[in-house]
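In this text, residue positions in the sequence shown follow full-length UniProt numbering: the first is 1, and each later residue adds one.
Just to be clear, a hint being listed does not mean it is correct.
In silico lysine-lysine, DSSO-like type, Cα no more than 30 Å apart, as pairs [stated by the list, open to error]:
| no. | residue 1 | residue 2 |
| --- | --- | --- |
| 1 | K260 | K174 |
| 2 | K291 | K302 |
| 3 | K174 | K299 |
| 4 | K302 | K174 |
| 5 | K307 | K236 |
| 6 | K299 | K260 |
| 7 | K194 | K307 |
| 8 | K236 | K194 |
| 9 | K302 | K371 |
| 10 | K260 | K239 |
| 11 | K260 | K355 |
| 12 | K377 | K194 |
Because the hints were derived from the structure by calculation, they are not lab data.
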Amino acid sequence: MNKDEKKQNLKNRLKHLPEVTDHRSKKEVYQKFLLQMEKNEKNKRNKRLLPVTALITAAIILILIVPGLFNSFQTSEDNTSEWTANQEDRSSVETDASRDVNRIETKEEHMAVDPAKENDSYVLHELPSNHRVLYASIADEQIQHTIPFAFVVSANRELDTAYNHLDQYIDRLKINQNQYLFHGITYQIDEDAKRVTLQLPDHFALGEGSAVPRMFERMVGNMFRPYGIDMAYFSKGNKDQVDLGALGNVNSLSIEDTVKYSYKLYERNNQRHLIEISNNESESIDAAIQKLQTRGKNKYIKQTIPKELQYQVSTANDLLQFTLTNNVELTNRNGILLIESILMTAKSYEYNRVKFNNFSSEQIGEYDLTKPVPVPKAVNPVEVN
1 MNKDEKKQNL KNRLKHLPEV TDHRSKKEVY QKFLLQMEKN EKNKRNKRLL PVTALITAAI
61 ILILIVPGLF NSFQTSEDNT SEWTANQEDR SSVETDASRD VNRIETKEEH MAVDPAKEND
121 SYVLHELPSN HRVLYASIAD EQIQHTIPFA FVVSANRELD TAYNHLDQYI DRLKINQNQY
181 LFHGITYQID EDAKRVTLQL PDHFALGEGS AVPRMFERMV GNMFRPYGID MAYFSKGNKD
241 QVDLGALGNV NSLSIEDTVK YSYKLYERNN QRHLIEISNN ESESIDAAIQ KLQTRGKNKY
301 IKQTIPKELQ YQVSTANDLL QFTLTNNVEL TNRNGILLIE SILMTAKSYE YNRVKFNNFS
361 SEQIGEYDLT KPVPVPKAVN PVEVN
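Given the sequences, and given the hints that come with them, work out the whole structure.
This is the structure we're talking about:
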């Protein structure tokens, strides 16, 4: 269909539309037009005012809210600052504490490698001229084992006079007083007759049970056996018989010639001593040395032979031989501890010398391992001025 045909078709369709008659005058139509224009203009003004009103309302809301938000933010910021400050203080304290711990650890590490400690000895080999030894013992905290001491005193004093100062010497050890059972006891010693008399104070009592009386009996033997004394007598006031608890009412106790011990390490409150672990009469020297490689239930009593160390023990007359069968490096300190614990154990089994074989070094501390080492005179020496 061309353009002319389209126009003609439109005209034909318009002719068929119904006729509409408007009875309003021109003036009415004009007035209505003006009213409509005015209404449209008012609607446009309202539409223009709406964004402005919204902006004003939003501004008012912001004015009301922002100070609160600012205060809240300021409070939060203050709290955060306070927490941060606290954390910084805490961090500072922790840092200082950490430094203190590090200083302590460093000090402990220094102590562990202190050359003076490396050569610490637990025994007495040579007695200074014009001196003698006072033998004494204390108990461990469980009253099971004895910790012997050798107080080196002037030989100018009579033996019993020196023993009557024993309480003062023991006080220097700064031990728990319950570990020492001889408070207030005085002594009369007759070396020629091989006897000692212990005068007990009025308050003396060993209490119930057998542990303390047996410990007391063992300690009496340790004190006087080295002098060849074989009998201890007791008195209390005017009485010649005394109550020794489970030992009964007695006036004397015989002192055994020998007692067999394994000497292990007792370490507590920065003090290190050799402690006596009593053995049965039937236990061999091999069994006694095996004990030196084991740890018991008491946390303060420690082994003196490393568990990884392998060895063999042999004997010939008064000589004990201790031979390593594997290669284990020992520090000077641990080597001295091993040697001296074996020497004292061998001494209690009446050996006079110990030969140490196959050690990585021929010299440990003052010990020349190329030849037999004589057993010590005493253990845990304490020099008394």
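Now for the hints, and whether the structure bears them out:
no.	hint	in the structure
1	K260 with K174	holds, 28 Å
2	K291 with K302	holds, 10 Å
3	K174 with K299	holds, 20 Å
4	K302 with K174	holds, 21 Å
5	K307 with K236	violated, 49 Å
6	K299 with K260	holds, 23 Å
7	K194 with K307	violated, 43 Å
8	K236 with K194	holds, 21 Å
9	K302 with K371	holds, 28 Å
10	K260 with K239	violated, 34 Å
11	K260 with K355	holds, 20 Å
12	K377 with K194	holds, 20 Å
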